[in-house]
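Engineer: Spelled out from the first residue to the last, the chains are:
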Amino acid sequence: MARVMIVDDAMFMRVTLKNILTKEGHEVVAEAQNGEEAVARYAETKPDVVTMDITMPKMDGISAVKAIIAEHPEARIVMCTAMGQKNMVMEAIQAGAKDFIVKPFQPERVIEGIAKVVGA
Amino acid sequence: MKVDFVNPFVGSAFSVLQMVIGDSPKRGELAARTKLFKSQPVTIVIGVVGAVHGQVLYGMSQETARRLSGAMIGQEVPELDELAISALAELGNMITGNAASQLAQAGYIADLAPPAVIQGPEIIILTVEAALVVPVITGCGTIEINIALEEARQA
Numbered sequence: 001m002a003r004v005m006i007v008d009d010a011m012f013m014r015v016t017l018k019n020i021l022t023k024e025g026h027e028v029v030a031e032a033q034n035g036e037e038a039v040a041r042y043a044e045t046k047p048d049v050v051t052m053d054i055t056m057p058k059m060d061g062i063s064a065v066k067a068i069i070a071e072h073p074e075a076r077i078v079m080c081t082a083m084g085q086k087n088m089v090m091e092a093i094q095a096g097a098k099d100f101i102v103k104p105f106q107p108e109r110v111i112e113g114i115a116k117v118v119g120a
Numbered sequence: 121m122k123v124d125f126v127n128p129f130v131g132s133a134f135s136v137l138q139m140v141i142g143d144s145p146k147r148g149e150l151a152a153r154t155k156l157f158k159s160q161p162v163t164i165v166i167g168v169v170g171a172v173h174g175q176v177l178y179g180m181s182q183e184t185a186r187r188l189s190g191a192m193i194g195q196e197v198p199e200l201d202e203l204a205i206s207a208l209a210e211l212g213n214m215i216t217g218n219a220a221s222q223l224a225q226a227g228y229i230a231d232l233a234p235p236a237v238i239q240g241p242e243i244i245i246l247t248v249e250a251a252l253v254v255p256v257i258t259g260c261g262t263i264e265i266n267i268a269l270e271e272a273r274q275a
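Taken in sequence, the protein lines are chains A and B.
Be aware that the first sequence starts at 1, since it is given in the working numbering, and climbs by one per residue.
Be aware that the second sequence starts at 121, since it is given in the working numbering, and climbs by one per residue.
Excised from the complex, chain A in its bound form (with noise of 0.2 Å):
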């Protein structure tokens, strides 16, 4: 099972993200409100996984994943946004991102997605 680390600015969405991802036997070892703190964070913990939002304050999530994998090459990080336009996607994955989850989502996807990065 995965360590992971949420990312979102709404906290409805850390809570269901976590629900899913508890539920599924993964261990939430961090959360992040916007860029910035996903940064600091990634650096304390050292997550398995990241799922990520986009439209966040202060610092958005494109951002926020170019600065993590710029320190932490082998960082995994799973997009989890509702903006799913191809060049939001394009920018994700050029900047280092495994996934790309479009919200509204259904909770397998999400599991598979992890899943996936994890395995790989």
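In case anyone wonders, no lab produced these hints; they're calculated from the structure.
C-beta atoms are modelled at their ideal positions from N, C-alpha and C, and glycine is treated no differently.
What you were told as hints is all true, and nothing was included just to trick you.
Residues from chain B that face chain A, not an exhaustive set, calculated with beta carbons under 7 Å:
| hint | residue |
| --- | --- |
| 1 | Val140 |
| 2 | Glu210 |
| 3 | Met214 |
| 4 | Gly217 |
| 5 | Ser221 |
| 6 | Pro234 |
Use these hints to put chain B onto chain A, whose structure you have.
Structural biologist: Same frame as chain A, but now just chain B:
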């Protein structure tokens, strides 16, 4: 404002609501609104910037807000607390985000700002552009989608 900007929001609201609260909404009649208007008791505001810019506002009654957030959280919401408000903000974010993806396919690439939720009766709101209003009728009550977007001028 282009009427073309309306359909992506209606389509997106239908699919997001179906997935999030398991409800098949109905569409009410399209209406126009002046730039300056009095808000509904609960309003989710999302800024849009890019090839189209402006605001999208989702207005509803307190009761609709409680029922919608309750359906999303999976338990009754007697009062709009932080979790419930955050669920409403996320609902606005998902509807606007999915609509933005459809607008991008039509050549209008735009980004969103994080949502704000405003509570209070008859707050006076001034939007960038006169809004087109589409009521979306759900089992939890009616959500009024106010779309106040304009095409950005090319440099």
